[in-house]
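Residue numbers (numbering that gives the first Met the number 0), protein chains in the order written: chain A, 0 to 154; chain B, 0 to 404.
A portion of the hints provided could be inaccurate.
In the DSSO-like style, the derived pairs of lysine-lysine whose C-alpha atoms are separated by at most 30 Å in a straight line are [claimed, not checked]:
1) A:Lys-121 x A:Lys-104
2) A:Lys-104 x B:Lys-46
3) A:Lys-77 x B:Lys-229
4) A:Lys-63 x B:Lys-142
5) A:Lys-119 x B:Lys-345
6) A:Lys-63 x B:Lys-350
7) A:Lys-30 x B:Lys-345
8) A:Lys-119 x B:Lys-46
9) A:Lys-63 x B:Lys-345
10) A:Lys-63 x A:Lys-77
11) B:Lys-370 x B:Lys-345
12) A:Lys-104 x B:Lys-154
13) A:Lys-121 x B:Lys-46
14) B:Lys-229 x B:Lys-183
15) A:Lys-121 x B:Lys-229
16) A:Lys-77 x B:Lys-350
17) B:Lys-229 x A:Lys-119
It should be emphasised that the hints constitute simulated quantities derived from the structure, not laboratory data.
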Amino acid sequence: MSSSLEKNMLILRSSDGEEFIVPEVVAVMSKAIKNMVEDECASNTIPVPNVDANILAMVIEFCKKHDESEAEAASDLKTFDSEFVNRGQEALYDLITAANFRDVKELLDALCQNVAEMIKGKSVHHIRIQFLGYQLFEILTSNFIWNIWCDRDFD
Amino acid sequence: MKVYSKTRRSRRKLLIGRTSSEHSFAAELIANNSDLLTQILIRVPAKSIIRFKSVSKRWLSLISDSQFASDHARRNHHSSVSALYFYSNRWSPDEQLQSVSIAGHQTLLPTLSFLDGVVVSSSATTIERSCNGLILCSNGFRKPPYIVCNLTTKKFSLLPEIGPTSSESYRKNAAAFLAFDPSKSPHYKVLLFRYSYANNGSWVEIEIYSSQTSSWKHIYVPDPRDVPFKFSVFWNGAIHCISYANFHVRFEVEEEKLIQTPMPRNPKILSPDKIRYFGECGGDLLLIQTPQPCAMGFSILQMHRDYCGWIVKYRVNLRPILSVFPKTERKTIIKCSGFKVLCVVKGANEKDFTLVLAIQGKVISYNVESKTLRELHDLSTDDIVYWGASWCHTAYQFIESLSPV
């Protein structure tokens, strides 16, 4: 298989076994992959554990766009970024984990910005539900003193 | 009572329902990863961050970390002005600190009450300067009187004794400045300027406090004799002076140098009572001056980046703002009442300016592009007969920031 590949192409294999053929320039936007390629410890097929095919496809789409549009106007790229990160919460958080794990800086920046925009207007209670599984937390610990402390007015 | 408990129960149910749909394990995974959580929180505006301190002990410790605070301030250094503080009836016995939110929200703005008990009399504490999220206060019962505070986090720092080099009168007569730019350094400086005569020459004596070393330093520079000037505004790493001669004078804070740049004769800089605004806005230094006290039209001038002159940025027509005043008052406003530009806020677009004006006991925000206006504050119901230009002398900008002091 590797012989039939063009020289500057790499194969990325997702956690569920699907393979993606991507140009090397695109793949090395992930610092983790870049290090592997530079150290020559990678064969043409690079396993990407912890990232499933669905998410990997999205990451590749993002990297491709950023690679192609280096010469394009920055504003175009910004619109693409904001549209790209505008998706369901589950996918968003999975993408963040993937971008962090594979060290794709541009993607991580765009995603974190999106989450920040999302949570900035939210109430503390809402944040606890979303990020801490608050109900479960509340029942298991019944740490009511902490809750009273938390509910005091910080303004 | 029954009704109350019923609503409680149904609300509870609703919350549990929300939990199952909105809580995600991926989100929890992110919240458990300090690096990622920091990456996200550093992009959240300071106002929300202060609220999020109460999410959990971990969030509290992460947000309270001074490194996080500095990083957050550096990243969000372009945050816009969210409110203004000013004194009504300055220099009179019943002077009062007032505040207005620029967006016109009826939110409760922080006061200086967190200084209660720290200084002898917090009511004697007045704001001297504001600079990129920090404020410099002075309290006459202290020596030296200066306190640097962050109104958002309610943290403050009492500046130490200046040292034996300076006399008592020095401390009283000095003009104080706060120099702080979170995009360049997490540290701030406090500068005290005074003019003195010694050895047949006139000098500008400067005491500089650096928060990095927590100490004072004394320097003096020769006073450029034929250029009358008055230090006014910190912008772009220097304290700038409004000067009536054809020179621009600035004191570079890092280099500790007084620099003069010749300016073209046009536009002519008018006397101080004709200057309506001299200050920073969206990274630029702006000047607004009008020969008459209440000219209904004027231009906004912008300092050239290399200090070689003023450029006309925008011509403003103020007539639309008259609509907020009763017909009977309009004539007096045009004829004899002065106005002051408290603050200029820049919008997304290059020419999209919002002026915050103090005029006849009212504070009005006026967008010059869309010509929309909003009344932010009204003191005209108070028993004050004369609204001279001094009723609202200077405004101090409140920028939400986590900057440590």
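Do the hints match the structure? See the list:
Between A:Lys-121 and A:Lys-104 the CA atoms are separated by roughly 26 Å; this keeps the pair inside 30 Å, and the hint holds. Restraint check for A:Lys-104 and B:Lys-46: satisfied, since their Cα atoms lie roughly 26 Å apart, inside the 30 Å limit. Distance restraint check for A:Lys-77 and B:Lys-229: the Cα-Cα separation of roughly 44 Å exceeds the 30 Å cut-off, and the hinted pair is therefore not satisfied. Proposed proximity of A:Lys-63 and B:Lys-142 is contradicted: the alpha carbons are some 62 Å apart, above 30 Å.
Note on A:Lys-119 and B:Lys-345: the hinted pairing holds, with a Cα-Cα distance of about 22 Å set against a maximum of 30 Å. For the proposed pair A:Lys-63 and B:Lys-350, the alpha carbon gap of about 36 Å is over 30 Å, so the pair is violated. As the CA atoms of A:Lys-30 and B:Lys-345 are separated by approximately 38 Å, the hinted pair breaks the 30 Å bound. A C-alpha spacing of about 9 Å is found between A:Lys-119 and B:Lys-46, which places the hinted pair at or below 30 Å, so the restraint holds.
Between A:Lys-63 and B:Lys-345 the alpha-carbon distance is near 36 Å, which puts this suggested pair outside the 30 Å criterion. A distance of roughly 15 Å separates the Cα atoms of A:Lys-63 and A:Lys-77; the hinted pair therefore holds under the 30 Å criterion. For the hint pairing B:Lys-370 with B:Lys-345, the CA-to-CA distance comes to about 14 Å; that is within 30 Å, so the pair holds. At most 30 Å may separate the alpha-carbon atoms for a hinted pair to count; A:Lys-104 and B:Lys-154 exceed this at roughly 34 Å.
This hinted pair checks out: A:Lys-121 and B:Lys-46 have alpha carbons roughly 12 Å apart, not beyond 30 Å. With a CA separation close to 26 Å, the supplied pair B:Lys-229 and B:Lys-183 stays within the 30 Å bound. The hinted pair formed by A:Lys-121 and B:Lys-229 fails the criterion: a straight-line CA distance of about 46 Å is larger than 30 Å. For the hint pairing A:Lys-77 with B:Lys-350, the CA-to-CA distance comes to about 22 Å; that is within 30 Å, so the pair holds.
Under the criterion of a C-alpha separation no larger than 30 Å, the hint pairing B:Lys-229 with A:Lys-119 is inconsistent with the structure, at around 42 Å.
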